[in-house]
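Visitor: Here is how the chains run, residue by residue.
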Amino acid sequence: MSSAAPAEIQAAAEDQDSIVAILRARWVAIRSGDVGSLPVIIGIIAIALYFNSKTSIFFSAVNFQNLIQQMAGVTVIAIGVVFVLLIGEIDLSIGYVSGIAGVSVAYFQQAGTGHQYPGLVALALAIATGLVIGLIQGSVIAFIGVPSFVVTLAGLLVSQGLILQVLGTQGVIGIQDKQINDIANYVLTKNTGWIVAIILTVALAGAAFGSYFSRLRAGLPTGNVILTIVRVAFFGGLAFAAVYICNQAKPRPGVPLVGLIFVFLVVLGGYVASRTTFGRHVYAVGGNAEAARRAGINVKLIRIIVFMISGAMAAMGGVILASRLNGIDLTAGGGTILLDSISAAVIGGVSLFGGRGRVSGALFGGLIIGMIANGIDLVGYSDAIKLITTGLILLAAVTLDTVLRRRQAAAGR
Amino acid sequence: MEVLRSEHLRRGKNRSVNATPTPTPTLELREVAKNFGSVEALKGVDFEVRDGEVMALVGDNGAGKSTLIKCVAGIYSIDDGQIFFEGEPVTIHGPKDAARLGIEVVYQDLALCDNLDVVQNMYLGRETHDPLFRLREAPMEQRTAETLKSLSVTTIRSVRQAVATLSGGQRQSVAVARAVLWNNKIVFLDEPTAALGVAQTRQVLDLVKRLAEQGLAVVLVSHNLVDVFEVADRITVLRLGRNVGVYEKDKTNEREIVEAITFGAPAPEETEVKA
Ligand SMILES: Nc1ncnc2c1ncn2[C@@H]1O[C@H](COP(=O)(O)OP(=O)(O)O)[C@@H](O)[C@H]1O
Ligand SMILES: [Mg+2]
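Taken in order, these protein sequences are the chains called R and W.
Everything in the first sequence is counted per our numbering, starting at 1 for the first residue and increasing by one.
Everything in the second sequence is counted per our numbering, starting at 414 for the first residue and increasing by one.
In short, the hints are calculated from the structure, not lab data.
Predicted, not measured: the structure shown is a model, and the values here were computed from it.
Every clue listed holds true.
BS3-like, lysine-lysine: derived pairs with alpha carbons at most 30 Å apart: (1) W:Lys-456 - W:Lys-509; (2) R:Lys-300 - W:Lys-483; (3) W:Lys-456 - W:Lys-664; (4) R:Lys-300 - W:Lys-509; (5) W:Lys-662 - W:Lys-456; (6) W:Lys-598 - W:Lys-456.
Pair by pair, the computed Cβ-Cβ distance ranges are: (7) R:Phe-353 - W:Asp-543: 27 to 37 Å; (8) R:Ala-233 - W:Glu-499: 55 to 65 Å; (9) R:Tyr-212 - W:Pro-502: 45 to 55 Å; (10) R:Glu-290 - W:Glu-499: 27 to 37 Å; (11) W:Glu-499 - R:Phe-353: 37 to 47 Å; (12) W:Thr-541 - R:Tyr-212: 17 to 27 Å.
Derived contacts from chain W toward chain R, CB cut-off under 10 Å, selection only: (13) Gly-507; (14) Asp-527; (15) Asn-528; (16) Leu-548; (17) Pro-552.
Idealized CB from N, CA, C, for every residue including glycine.
Sequences are here, hints too, so could you generate the full structure?
Guide: The structure is reproduced here in structure tokens:
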């Protein structure tokens with residue numbers, strides 16, 4: 001394994017890495033249906049501009065802070081949805097599983113009862129509940145082969161029933177535990193916010209240049225170094241801008257802790273999906289499960305773990321939603337949570353047909369769904385408009401996915 | 414087991430120079446049977462292949478060719494009979510067992526993931542990773558490029574291209590190259606040219622010859638006898654799940670093989686036909 005690549009290969013690699021060549025390759029990819037995050041970014045800009053033209057509050061610091069807190073629950077749940085969609089399955093139970101987790105976390109911190117635990121323990125128990133539900137659903141799907149649609153539909157009903165059963169007599173549990181309420185409501189101090197932005201940027205640069213140098217050492221095409229720097233600067237700049245804006249908010253300046261939580265989970269999920277063998281196998285199962293099986297991948301195990309991830313993420317999202325309301329009632333896990341979470345993943349560019357998409361799609365999609373809900377509330381349109389708009393955007397996203405998939409398939413032959 | 418491929422190539426080249434077949438078959442099946450319910454897909458089938466040779470496996474539709482391959486690949490378990498690897502009896506319970514023995518199969522219905530790129534497909538299920546299961550992309554990409562180059566697969570522009578964007582011949586080349594990458598001893602190719610045009614068929618047949626030249630034992634399933642006669646050293650004929658016989662290419666002709674396939678003619682050698 002010598003690192004000295006023959007001269008002609010190196011020359012070709014340099015050629016391939018010029019900005020013009022990269023842009024040209026990108027353009028070819030877009031035309032053959034691989035559009036990446038382009039539609040989402042265009043969508044985010046368009047929606048932001050629209051609401052900005054309707055109300056000046058939309059672009060205020062305090063509303064930005066608000067938006068982060070509003071989108072957190074659905075975004076976290078959508079991370080799990082991404083994994084499920086990647087293996088070509090669906091999980092309809094996530095809404096009420098998030099409700100069950102909310103009920104659990106409230107139940108296990110309830111003061112003056114035999115089941116009062118410290119906040120973080122209650123949180124762990126709630127997540128464990130989601131994991132167990134995922135384990136059960138995933139096992140039925142993987143071992144018995146019942147379609148995930150039906151299994152998780154049953155899971156949805158059972159979960160809703162359990163919520164009614166537990167809350168039946170009292171109908172509501174308040175959350176007094178400070179740790180739990182802090183999850184969705186705590187705001188970092190200004191300086192902590194800056195430190196977070198610095199850490200994020202350094203980590204980003206570390207990852208980008210780490211892979212740059214390992215490819216350079218191996219004599220492989222590295223991509224254009226200027227573009228790498230621009231990319232790091234752009235996302236680092238975004239982090240600093242977000243911190244700056246949050247720090248301007250009144251009356252409580254600072255980055256909401258929950259924003260840090262979902263960014264962390266998105267980064268972690270993205271890392272698992274794109275940099276680990278497990279993630280690679282997730283994509284393989286979604287692309288061609290039979291090929292994965294023949295390659296010796298334990299397809300059943302992958303399916304089960306993915307449904308456990310989905311259950312855990314739904315639970316974390318449910319805890320965030322409960323924390324935000326400082327309590328839980330009979331509507332826990334209901335409403336538009338399920339459809340918003342699935343829509344977020346799909347709008348974020350994750351294919352319903354399996355094997356295509358990225359975890360960051362949950363963040364983009366969650367942002368779009370959050371912006372629509374937030375903007376429509378601000379402008380004062382009715383819930384009817386909110387539902388119709390979200391529905392139409394979801395339809396557009398799925399249509400785009402279908403068309404692009406067909407186009408990519410056609411480009412192959 | 415983890416011998417570097419370049420060493421393997423050198424070993425292979427030497428072997429093909431003095432082209433005497435190895436004394437023991439690399440893989441041997443004796444009296445293998447496989448049933449699907451009441452369907453007897455394989456009945457007492459014998460089969461062998463040696464290093465450095467291309468053994469063709471021919472037979473009409475439903476003769477049991479794909480079933481034989483899947484038994485050796487660990488997709489199906491055999492109901493009766495024995496499998497010997499380099500003279501030693503072995504049991505193959507799953508794809509991992511087959512991979513451990515150095516048996517690689519290129520399936521008729523290409524077992525590739527369209528959504529993954531060339532490198533990802535070549536390493537599917539056997540990714541290079543560090544102790545924390547983090548993928549080590551650079552070495553994987555490097556060896557993929559080397560392997561494709563050693564097989565003179567030059568039409569694939571980037572190994573980071575999704576397989577969905579490749580032509581049929583290129584996809585077939587990736588599937589075959591995967592076999593070489595893994596330093597395998599035996600490669601099964603199930604109708605590798607069935608869906609290909611003339612030029613692409615040419616590409617793949619050349620690839621098949623190169624595999625045997627590198628010292629691998631190659632089993633080629635094909636309906637096209639012209640292809641078979643071009644690349645094979647010996648030909649095993651199956652009919653309705655039974656052996657008809659094994660023919661040396663130089664001592665037979667297309668007519669004899671066609672008769673064997675359709676009527677189950679007695680073999681010229683010692684193999685008997687159970688009627
Ligand atoms: N999974 C299966 N289940 C039931 N029958 C099968 C299965 N696979 C193959 N067979 C039967 O076994 C016989 C041999 O099939 P196959 O090995 O695919 O033949 P070939 O590849 O030579 O055309 C056929 O009669 C086929 O219908
Ligand atoms: Mg067949």
